[in-house]
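Asks: Which chain is which? The protein sequence lines are R and D, in order.
Take the first sequence: its position 353, counted from the start at 1, is 353 in the UniProt record's numbering, and no numbers get skipped.
Take the second sequence: its position 466, counted from the start at 1, is 466 in the UniProt record's numbering, and no numbers get skipped.
Bear in mind the hints are in silico, worked out from the structure with no lab data behind them.
The reader is advised that the hints may include incorrect statements.
Once the Cα atoms are required to be at most 30 Å apart in a straight line, the calculated BS3-like pairs of lysine-lysine come out as [what the hints assert, rightly or not]: (1) R:K370 to D:K102; (2) R:K405 to D:K399; (3) D:K338 to R:K391; (4) D:K61 to D:K102.
Keep in mind it's a predicted model, so treat the numbers as computed, not measured.
There are 2 protein chains.
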Amino acid sequence: MEISALQKARSSYQPKLPKGLRGNVDIIEGAPTESVGDQAEIKRLFPHTYGMPLVEFAPAKEVKEYAPINVGIILSGGQAPGGHNVICGLFDELKKQNPKSKLYGFLMGPSGLVDHKYKELTAEVIDKYRNTGGFDMIGSGRTKLETKEQFDSGLEIIRQLNLNAVIIIGGDDSNTNACMLAEYYASINAGVSVIGCPKTIDGDLKNDQIETSFGFDSACKTYSELIGNIQRDANSARKYWHFIKLMGRSASHIALECALQTQPNICIISEEVEANNMTLDDVVNQICEVVVKRSEEGLYYGTILIPEGLIEFVPAFKRLIAELSDLLSSDLAKTEAKGLKSDDLLAWILNHVSAENLPTLKSLPEEVAKQLALGRDPHGNVQVSLIETEKMLSEMCAKRLDEWKEQGKFKGKFAALHHFFGYEGRCATPSNFDCNYCYALGTSAAQLVANGKTGYMAIVKNTTAPADEWVAGGVPITKMMNLERRNGQMKPVIKKALVLLDGEPFKELVERRKDWAVNTRYVYPGPIQYFGPLEVCDQCTMTLALEHKK
Amino acid sequence: MEISALQKARSSYQPKLPKGLRGNVDIIEGAPTESVGDQAEIKRLFPHTYGMPLVEFAPAKEVKEYAPINVGIILSGGQAPGGHNVICGLFDELKKQNPKSKLYGFLMGPSGLVDHKYKELTAEVIDKYRNTGGFDMIGSGRTKLETKEQFDSGLEIIRQLNLNAVIIIGGDDSNTNACMLAEYYASINAGVSVIGCPKTIDGDLKNDQIETSFGFDSACKTYSELIGNIQRDANSARKYWHFIKLMGRSASHIALECALQTQPNICIISEEVEANNMTLDDVVNQICEVVVKRSEEGLYYGTILIPEGLIEFVPAFKRLIAELSDLLSSDLAKTEAKGLKSDDLLAWILNHVSAENLPTLKSLPEEVAKQLALGRDPHGNVQVSLIETEKMLSEMCAKRLDEWKEQGKFKGKFAALHHFFGYEGRCATPSNFDCNYCYALGTSAAQLVANGKTGYMAIVKNTTAPADEWVAGGVPITKMMNLERRNGQMKPVIKKALVLLDGEPFKELVERRKDWAVNTRYVYPGPIQYFGPLEVCDQCTMTLALEHKK
Numbered sequence: 001m002e003i004s005a006l007q008k009a010r011s012s013y014q015p016k017l018p019k020g021l022r023g024n025v026d027i028i029e030g031a032p033t034e035s036v037g038d039q040a041e042i043k044r045l046f047p048h049t050y051g052m053p054l055v056e057f058a059p060a061k062e063v064k065e066y067a068p069i070n071v072g073i074i075l076s077g078g079q080a081p082g083g084h085n086v087i088c089g090l091f092d093e094l095k096k097q098n099p100k101s102k103l104y105g106f107l108m109g110p111s112g113l114v115d116h117k118y119k120e121l122t123a124e125v126i127d128k129y130r131n132t133g134g135f136d137m138i139g140s141g142r143t144k145l146e147t148k149e150q151f152d153s154g155l156e157i158i159r160q161l162n163l164n165a166v167i168i169i170g171g172d173d174s175n176t177n178a179c180m181l182a183e184y185y186a187s188i189n190a191g192v193s194v195i196g197c198p199k200t201i202d203g204d205l206k207n208d209q210i211e212t213s214f215g216f217d218s219a220c221k222t223y224s225e226l227i228g229n230i231q232r233d234a235n236s237a238r239k240y241w242h243f244i245k246l247m248g249r250s251a252s253h254i255a256l257e258c259a260l261q262t263q264p265n266i267c268i269i270s271e272e273v274e275a276n277n278m279t280l281d282d283v284v285n286q287i288c289e290v291v292v293k294r295s296e297e298g299l300y301y302g303t304i305l306i307p308e309g310l311i312e313f314v315p316a317f318k319r320l321i322a323e324l325s326d327l328l329s330s331d332l333a334k335t336e337a338k339g340l341k342s343d344d345l346l347a348w349i350l351n352h353v354s355a356e357n358l359p360t361l362k363s364l365p366e367e368v369a370k371q372l373a374l375g376r377d378p379h380g381n382v383q384v385s386l387i388e389t390e391k392m393l394s395e396m397c398a399k400r401l402d403e404w405k406e407q408g409k410f411k412g413k414f415a416a417l418h419h420f421f422g423y424e425g426r427c428a429t430p431s432n433f434d435c436n437y438c439y440a441l442g443t444s445a446a447q448l449v450a451n452g453k454t455g456y457m458a459i460v461k462n463t464t465a466p467a468d469e470w471v472a473g474g475v476p477i478t479k480m481m482n483l484e485r486r487n488g489q490m491k492p493v494i495k496k497a498l499v500l501l502d503g504e505p506f507k508e509l510v511e512r513r514k515d516w517a518v519n520t521r522y523v524y525p526g527p528i529q530y531f532g533p534l535e536v537c538d539q540c541t542m543t544l545a546l547e548h549k550k
Numbered sequence: 001m002e003i004s005a006l007q008k009a010r011s012s013y014q015p016k017l018p019k020g021l022r023g024n025v026d027i028i029e030g031a032p033t034e035s036v037g038d039q040a041e042i043k044r045l046f047p048h049t050y051g052m053p054l055v056e057f058a059p060a061k062e063v064k065e066y067a068p069i070n071v072g073i074i075l076s077g078g079q080a081p082g083g084h085n086v087i088c089g090l091f092d093e094l095k096k097q098n099p100k101s102k103l104y105g106f107l108m109g110p111s112g113l114v115d116h117k118y119k120e121l122t123a124e125v126i127d128k129y130r131n132t133g134g135f136d137m138i139g140s141g142r143t144k145l146e147t148k149e150q151f152d153s154g155l156e157i158i159r160q161l162n163l164n165a166v167i168i169i170g171g172d173d174s175n176t177n178a179c180m181l182a183e184y185y186a187s188i189n190a191g192v193s194v195i196g197c198p199k200t201i202d203g204d205l206k207n208d209q210i211e212t213s214f215g216f217d218s219a220c221k222t223y224s225e226l227i228g229n230i231q232r233d234a235n236s237a238r239k240y241w242h243f244i245k246l247m248g249r250s251a252s253h254i255a256l257e258c259a260l261q262t263q264p265n266i267c268i269i270s271e272e273v274e275a276n277n278m279t280l281d282d283v284v285n286q287i288c289e290v291v292v293k294r295s296e297e298g299l300y301y302g303t304i305l306i307p308e309g310l311i312e313f314v315p316a317f318k319r320l321i322a323e324l325s326d327l328l329s330s331d332l333a334k335t336e337a338k339g340l341k342s343d344d345l346l347a348w349i350l351n352h353v354s355a356e357n358l359p360t361l362k363s364l365p366e367e368v369a370k371q372l373a374l375g376r377d378p379h380g381n382v383q384v385s386l387i388e389t390e391k392m393l394s395e396m397c398a399k400r401l402d403e404w405k406e407q408g409k410f411k412g413k414f415a416a417l418h419h420f421f422g423y424e425g426r427c428a429t430p431s432n433f434d435c436n437y438c439y440a441l442g443t444s445a446a447q448l449v450a451n452g453k454t455g456y457m458a459i460v461k462n463t464t465a466p467a468d469e470w471v472a473g474g475v476p477i478t479k480m481m482n483l484e485r486r487n488g489q490m491k492p493v494i495k496k497a498l499v500l501l502d503g504e505p506f507k508e509l510v511e512r513r514k515d516w517a518v519n520t521r522y523v524y525p526g527p528i529q530y531f532g533p534l535e536v537c538d539q540c541t542m543t544l545a546l547e548h549k550k
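With the rest of the complex left out, here is chain R:
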């Protein structure tokens, strides 16, 4: 395997561990917990994993003895920088506890457990992936673990490999399923722990226990590098408006963080659009007003950050998409619409959508309407990532500005360029923050297993402090659950963290965006650095810093 000069240099980086995980480790148990919503129903669904205490790891005086154990690990869902370091942290801690312990990686995501595809992760394998991005060590996948058949099939290989625990690294859905698996194995006394780890570049898996999901830091820094570069270009050429769409299936955390890092002229926040009951037309007007203001200063250029999930947060669209999600998963669709291609499928949908939502569907450019029809991801969600929101918005803006020009409200020029950043950051080389954070999460997961915990997620807190002051522990997954509607049914899920409109990061944006809009206040973060001054290399995201500022 040929590796780059940077990868060679980074392979020897030793992630910084919190004090509580470094030497001998004690577990400190807190009070019993409750779920964040629908307590009675969550308790009924998870009788064996509900109400468990928060736990925290602290330095212990006495040396502990650990019996050798075997652990399996699964990477679930979209890639996020740092995933390999979770595995490395887990591996190192298992071997430290007892060199006879073994780690197995299930291949290509949760399906590896169900289909018994795995490989042993030896030091030789592990050492190749220290501090690297991607999930290519064992691959990832989007299979949802949710049926008894899957759980039972998994148990076969668990028995065969004599596993004491399975660690699932994933986002909110994957961790919900980790908890279902933990509950099932507990209910049949299978004697195997299931532990989750909070992963997602989207940043929407966070709450009072989870400060941030891993990968958010590196992905946002990579996107911010690119946005900064584009802003330099915009500010040098002074002739284009750059419409920049940023990955993030639902919440706008990525767009918000990148805005705080780069200070673009406009950053749309989906949650605000929804709260203000804005239509797409309102969004277009808002953009065009800034274009006009800047043009009056002779500035015919700018940058606009657009969260990938925007369209789903426009209330009229949200109603349409909810109906489409139900419609496309209905029995009717399964028979009548099966195998229909683009045009025909759209025609079928137009014939079946309700009178309330038909106008919204018809108001869309045909290309966009077709994209909406193109099908959904394995979790049943409309694939908003297929909608070229950035082009749709810029086309609508161009049209609006032409109208305003005729009315004498706009006298400038308007030319747009489009960008979509997602895959460019999901597998970026992890920042020092993500390297350290993930390594600590993996170490913490090993400690949870060693202490016989199941249905927990590994957590690390106090992450705005230097890494040795971080506090590692575990949180019962049920604590973070409530009931939400999925594919037309109420299901127990981990509550997704959207951008809070009364949260500090959004308030910071609101305070500064009027200035950013008209004046040019671009900041150019540049590429992620690993070897320089601490203030360049070891800073956490601005979201995290603002959320935890004292």
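Here the structure of chain R is known, so what remains is to put chain D in place on it, guided by the hints.
Replies: Same frame as chain R, now just chain D:
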């Protein structure tokens, strides 16, 4: 001006200067030169600036006295990382020669000279832009300096500011125009030097005197970071073919360099397509054969690098584009087709294109044909950057693979994602190489002026060695010229450097690409580093290293 932590840390970086430019400087003059082609005609067109010697700067023993001078600087054309450092190097050397010397920046490109838009560049301005990307210090523009009126208008402000020299930082076209300006001012004894600097991320301004154009290094490293990230993603998710188009108006140097850095499954080189007289269908077949081979190994993913200018190098397309360029700049078009929009313009073109080229035009997807008609850049070139070649190719591949599936030649899956990287790298934070190289170019330009040279380009050679062993000097611009057809007329231009099919970089690709195609040999370069080990931070491009390997 709010600046990022990295920018703060980088502002104190002192670029490394070649020995010959550090202390007292001697100029060493070589033998008279000749143009690379059409010597008689180039000599006739440039009587005052033809045949001058190559010059080189070397350490001098005695201290020299320099009278105070005033210099104007112009950034011309597309942005390239390092432009600010040319200005900083020039400024520092001017002030070192005589603190009373002054530097003026003409604003928004060559039009700043013509329209008398400028600002003085004081230490306060300069210090804000050291080691930064972009051209935002004074802006850039694409106005072509080529008429006597422009030259005379420029002379007015040159007289007014009492300028001894004008430095033009640009690509091949801009340096050609710099030479025309030098020639004109020499012919009227204006007493003002004109000096060029080799800039372009495209890498196509190079020859036996110019080892590389600045910006190529940083831009390729930035694109390679992103390609590497996408390859990690492809190798983790294992379900997409990524079609990645890379900026570069004509030559494929960027694609080739990025391929050498990242080892994708496929890299198309336009120059090879042309040399082998390939059709677009041949290119599609070549890609599809790799897709099939990989699918037989169970690998349903991959990466394909596509040079932006590809379509112009497909011989049948080239004929079509040459005709379109002539047709669209014809008098007929100026009357009949003026103001026609997309559909109507295409209809007009279809009615006027020759029988030979009509089939090629008709073979294009309509969207692409329209993009071809959409107009040209100020240099008269069809704007290939508007053609979404990456999507066109992947659509054609999907169609071909469907056919092969029916014929039983393909049994796998094929899903594609698309990327275009250009603006993401043009204004990247410059690498150490570009910081040093540009600073030396600026210093060298100041020395050329101090030595009364005009019609020269500043150069720096031996750039694969450590920076202090680099050799700075100047080359007469006429030496690099020949006659080429532009907008239907033969014009003197600097010979563009295409990828040489017998050059070391391309030979390296050819030697390795069969292995890369089927096996997965991805390399992940990661982000540009500034503070780490030399082998990570200070490496030149692989193109440069291979071209100059001993």
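Asks: Each hint needs a verdict: does it hold in this structure or not?
Replies: Going through the hints against the structure:
Distance restraint check for R:K370 and D:K102: the Cα-Cα separation of roughly 60 Å exceeds the 30 Å cut-off, and the hinted pair is therefore not satisfied. For a cut-off of 30 Å, the pair hint linking R:K405 to D:K399 is broken: about 43 Å separates their Cα positions. A distance of roughly 27 Å separates the Cα atoms of D:K338 and R:K391; the hinted pair therefore holds under the 30 Å criterion. This hinted pair checks out: D:K61 and D:K102 have alpha carbons roughly 26 Å apart, not beyond 30 Å.
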